[in-house]
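Q: Sequence:
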Amino acid sequence: MKKWLWLPLAAIFFVGCAQSFPQETSTQDVGTSEATEPSPITPATLPNQSTLVEPMSQANLLRHVKALGFARYSQSDRLKARQYIINNLKSAGWSVTLQTFKDEYADGVNIIAERSQKNAQVETILVGAHYDTVPRSPGADDNGTGVATILEIARITSSLPTKKNLKLVFFDQEEIGLKGSLAFTSRPNNVKRLSGAIIIDMLGFACNTPGCQTFPEGLPVTLPTDTGDFILVAGDTEHPEIISAFDHLPNSNFPSVVKIPVPFKGLSAINLLRSDHAPFWLRNIGAVIVTDTANFRNPHYHQPTDIYNTIDRNFFTNSAQIVANATIKLLEI
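Numbering (mature numbering (1 follows the signal peptide of the UniProt record, and there is no 0)) for the sequence shown: -20 to -1, 1 to 313.
Any given hint might turn out to be false.
[Said to hold, decoys possible] Mimicking DSS-like on lysine-lysine, the simulated pairs with C-alpha atoms at most 25 Å apart in a straight line are:
id, residue 1, residue 2
1, K60, K46
2, K143, K70
3, K144, K70
4, K245, K172
5, K60, K82
[Unchecked claim] What follows is a set of in silico ranges between Cβ atoms, one per label pair, in the way DEER data are often shown:
id, residue 1, residue 2, range
6, Q101, N231, 32 to 40 Å
7, A39, V102, 30 to 38 Å
8, S232, S56, 41 to 49 Å
9, L59, P220, 36 to 44 Å
No wet-lab data here; the hints were simulated from the structure.
In this text, a Cβ means the ideal position worked out from N, Cα and C, and glycines have one as well.
All chains should be modelled from the sequences, with the hints used to inform the complete structure.
A: Below, the structure written as structure tokens:
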């Protein structure tokens, strides 16, 4: 999650200066390279009353976070991460393309995955997360947890019949200014028939000490707790159906969901423009950001200490299940 972005991005919203978007250079299909991890595990557990699909596998989720436990900032390390993501998507039966982009400040590669059986005449739901990190941070929470969640969603939905298409996107260069998501949303074919997006940015850290949770100024609601045992879902008020998908059946294992409807595309609360959902709001595409609130809770944010061992395993697994359930709801309405 990008920390010091809100003023430049607010300027983009006001001015709409398309020339600041990264310029795409190519899109290409991707074949399967040599696997870096075993094929995803298929658990035998059946869904219970609080899951709409096969349960997310904690073993798989943690395996992905652990495998990506290196700083993904340099070109070589981001390439290594891409290869891991692509191999797992291919193993799950997804078709993968790469979108390269470049501007005067950065270049990068977005990973776009779609199921082989799709209907070009129906709407699409997108689930996205960035896979890059800041320098010297392994980014277990930011954003290894987001990447792992999408890889597990890919596994459980690969052959699941749904009314809408599902597109999975792993954005590059989020940490230097949302470059990947700006490039993605600037290409019309990428957002054609796109009815909503779920963006995941940090799902794995919880704290239970009173006062361990802080909040940015300017939020449109007063939040109910100062302990960090919930996930936050913020969505634009113009598309309430996206945020409503996160209503879930009561389950004592699930963290609570704090929902924030955001008016005026976030311009009244610019701390809510810090991740890859913001370019979708700019294009008037309904989107939510799902997060553990980053530096407002996690002391390891953007630090070398953002490592696998700091992840709260049960909180992460249950948060990922909530995202999977919301995804399926949106695919079926």
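Q: Look at each hint and say if it fits the structure.
A: Now the hints, each set against the structure:
1. K60 with K46: Between K60 and K46 the Cα gap is close to 14 Å, so the pair holds against 25 Å.
2. K143 with K70: At roughly 23 Å apart (the allowed maximum being 25 Å), K70 and K143 satisfy the hint.
3. K144 with K70: Holds - the C-alpha atoms of K70 and K144 are around 21 Å apart, at most 25 Å.
4. K245 with K172: 20 Å, holds
5. K60 with K82: 19 Å, holds
6. Q101 with N231: 32 to 40 Å: Given a distance of about 36 Å, which is inside 32 to 40 Å, the answer is holds.
7. A39 with V102: 30 to 38 Å: Taking Cβ atoms as reference, A39 and V102 lie about 33 Å apart, which means the hint holds.
8. S232 with S56: 41 to 49 Å: Taking Cβ atoms as reference, S232 and S56 lie about 44 Å apart, which means the hint holds.
9. L59 with P220: 36 to 44 Å: About 40 Å separates the Cβ atoms of L59 and P220, which means 36 to 44 Å holds.
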